[in-house]
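Number of protein chains: 2
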Amino acid sequence: MAISSVKIVGSGLIGTSIGLALSARDIRVQMSDLQPAAALLAQSLVDDDARFENNHAFDVVVLAVPPSAFKDVLAQEIELNTLSTFVDILSIKTKPLLDVELFQEILPRYVGTHPMAGREVAGAQSARGDLFVGRPWIVTSGNVVSKKSGDLAAELISLCGAIAVQMDPHEHDQAMALISHTPQLIASILAAQLVGSNTKWLGLIGQGFKDVTRIADSDPQLWKEIISENAENIVPVLSAFRKKLESIESELSNPSLAQSIIESGNAGRKLIPGKHGSAARTYIYLHIVIDDKAGQLAAIFNDCAKADVNIEDVSIEHTPGQNTGLVTLSILDLGKAQILEEFLRTAGWKVHSTSN
Amino acid sequence: MAISSVKIVGSGLIGTSIGLALSARDIRVQMSDLQPAAALLAQSLVDDDARFENNHAFDVVVLAVPPSAFKDVLAQEIELNTLSTFVDILSIKTKPLLDVELFQEILPRYVGTHPMAGREVAGAQSARGDLFVGRPWIVTSGNVVSKKSGDLAAELISLCGAIAVQMDPHEHDQAMALISHTPQLIASILAAQLVGSNTKWLGLIGQGFKDVTRIADSDPQLWKEIISENAENIVPVLSAFRKKLESIESELSNPSLAQSIIESGNAGRKLIPGKHGSAARTYIYLHIVIDDKAGQLAAIFNDCAKADVNIEDVSIEHTPGQNTGLVTLSILDLGKAQILEEFLRTAGWKVHSTSN
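So the protein lines, in turn, are chains V and W. So the first sequence is numbered by the working numbering: it starts at 1 and just counts up by one. So the second sequence is numbered by the working numbering: it starts at 1 and just counts up by one.
Just so you know, the hints here were simulated from the structure itself, not pulled from any lab data. Since the structure is predicted, the reported quantities are computational estimates derived from the model, not experimental observations. Hints are supplied without guarantee of correctness; some may be wrong.
Heads up, the list lumps identical chains together, so a pair's fine if it works in one copy or across two of them.
25 angstroms max Cα-Cα, derived DSS-like pairs, lysine-lysine [unchecked claim]:
#1 Lys210 with Lys270
#2 Lys350 with Lys336
#3 Lys244 with Lys270
#4 Lys244 with Lys210
#5 Lys210 with Lys148
#6 Lys147 with Lys243
Let the hints inform the model, and build the full structure from the sequences given.
Rendered as structure tokens:
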């Protein structure tokens with residue numbers, strides 16, 4: 001292992017998640033941020049005991065800042081870290097390359113990358129050390145990178161549990177327009193259609209609408225940069241989408257047209273690679289009907305602790321004007337889930353299980 | 001309780017889920033379907049021991065068939081069940097009403113409804129008895145319904161754990177165009193854009209794209225009917241969406257336009273009601289760094305119970321093989337959140353707060 005210490009500049013979701021992943025593999029990590037409070041939270045999550053000398057020579061400096069801050073932060077970190085390998089994680093790759101090329105001397109130590117992982121929630125508090133596990137992590141730097149720096153970047157990606165995928169910066173930006181940036185715009189515009197609509201209708205919204213628009217919760221500050229800087233590649237995709245809408249509008253009352261739209265959607269979905277090559281997990285869900293009163297959650301978790309079963313996630317559904325709720329526990333291990341289900345049932349809980 | 005037996009015609013996802021819900025409340029249920037195999041599966045899932053005389057008088061007959069089969073099934077069931085109350089669950093309400101009005105004499109015994117629940121998977125095998133728990137269930141029949149039949153329908157809805165919402169059929173169809181049918185088309189068209197694209201790119205697809213397009217897995221046979229029969233209400237919504245796309249295409253490189261699109265999406269999402277059927281609220285989030293070991297959640301919830309603060313939701317982030325995790329508690333009341341934060345900190349937890 002060649003990496004022993006890493007500085008992460010930018011303590012947001014991605015930076016802090018990288019920090020968590022590396023720290024779990026015993027890499028010493030220094031988190032930093034323009035906002036001291038963000039850096040403090042991130043550092044306490046990632047590696048509470050880390051202490052570095054002012055002139056410590058980090059093996060890798062990860063630049064996990066938004067596109068707008070990138071150029072200034074880069075210039076500053078180049079000054080501070082004269083030997084380190086630099087790795088950025090920007091979601092667009094063509095334009096930042098122009099910034100990097102202003103510093104010709106660091107090109108051999110510079111690796112442009114983009115981890116294909118994220119969440120609709122921002123900030124260190126949303127970071128997860130397993131965010132990159134099994135996910136592709138695109139590397140867009142080519143031959144100009146030294147073997148040493150290329151190897152360090154590959155090691156960093158591998159330590160995060162991700163799979164390196166080599167790609168040309170321009171192709172990267174085209175691919176993102178299709179699979180990430182256009183869907184973001186579509187989801188945002190769809191969610192925006194609720195503004196000004198009848199309040200009574202909003203109460204009818206179900207899981208389908210919520211899923212389609214989940215990423216519409218994304219951070220405007222980050223996305224205004226991604227979208228505007230990749231507009232050139234997004235426009236053709238968005239425009240094809242718009243033309244498709246135009247072509248169906250006048251024929252929507254034709255059942256076979258409607259059927260073919262849904263069938264094409266089915267076909268597109270089937271092309272999405274499944275669990276091969278990615279560590280998407282199968283969870284067992286235990287659904288527990290509870291009385292909606294204080295202490296019920298504590299009682300459930302006390303029972304889970306007694307059963308010695310690790311809960312990966314939990315969600316709570318309340319019901320308007322009703323005195324029951326539904327708690328769903330997510331468990332990774334089927335055997336453990338069965339033990340817990342049996343244990344909770346014996347303890348008197350109403351439990352139903354499903355899996356994804 | 002006035003309902004003791006129910007016949008459900010149509011043993012798909014919704015029909016069978018209603019059967020499961022009623023059977024769990026000790027209502028005797030007969031499942032039926034044009035396809036005997038589907039009816040058999042549904043009957044064995046729902047109520048394996050049910051036996052009815054040929055001329056059994058069901059209190060309620062639920063018509064859970066697709067729009068295209070509706071008219072014929074209705075005519076047939078009217079013949080068979082001369083005293084029963086009829087309840088349909090069709091996703092469109094204006095057009096089926098025309099079919100029902102052909103049988104003027106049954107209007108006092110006819111209640112049009114639409115449960116706002118579903119899944120992207122079809123069939124009896126995907127049915128869930130808790131599908132309707134806490135969900136709105138729209139009732140579109142007005143004054144022409146007898147008190148007895150209105151009460152029976154209300155009881156059926158309540159037995160399924162759902163909340164009846166009265167609505168005019170035309171308003172229902174407009175609302176569905178906005179919150180269900182247009183999102184379905186958008187998701188399908190977006191998923192269809194993958195057809196013919198670079199295979200390498202498909203491997204990069206992440207959770208965001210998957211969520212936006214999840215409902216693109218929906219059943220073409222069902223949806224061709226919904227969409228074509230509600231085209232009149234869908235077209236204005238779809239067309240507004242298309243015009244919005246048209247207006248942004250040429251300006252996408254403008255960061256403030258890009259920002260405003262994402263912000264409008266954020267604003268739309270905030271309008272989706274949260275818990276308790278109310279308008280979405282502002283939550284205070286307490287982020288607590290925990291050791292990832294059994295008993296920590298129970299300990300936190302025990303402390304929350306001591307502080308007498310109601311937790312609206314909870315999420316857990318942790319990483320396999322890592323020894324810290326992050327628990328996020330959502331609290332509605334700012335004052336209560338501050339009390340809890342202080343209490344937890346005093347009790348030795350590492351707490352950070354944010355709000356939405």
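May I ask which of the numbered hints given earlier this structure violates, with the numbers listed in increasing order? 5 and 6
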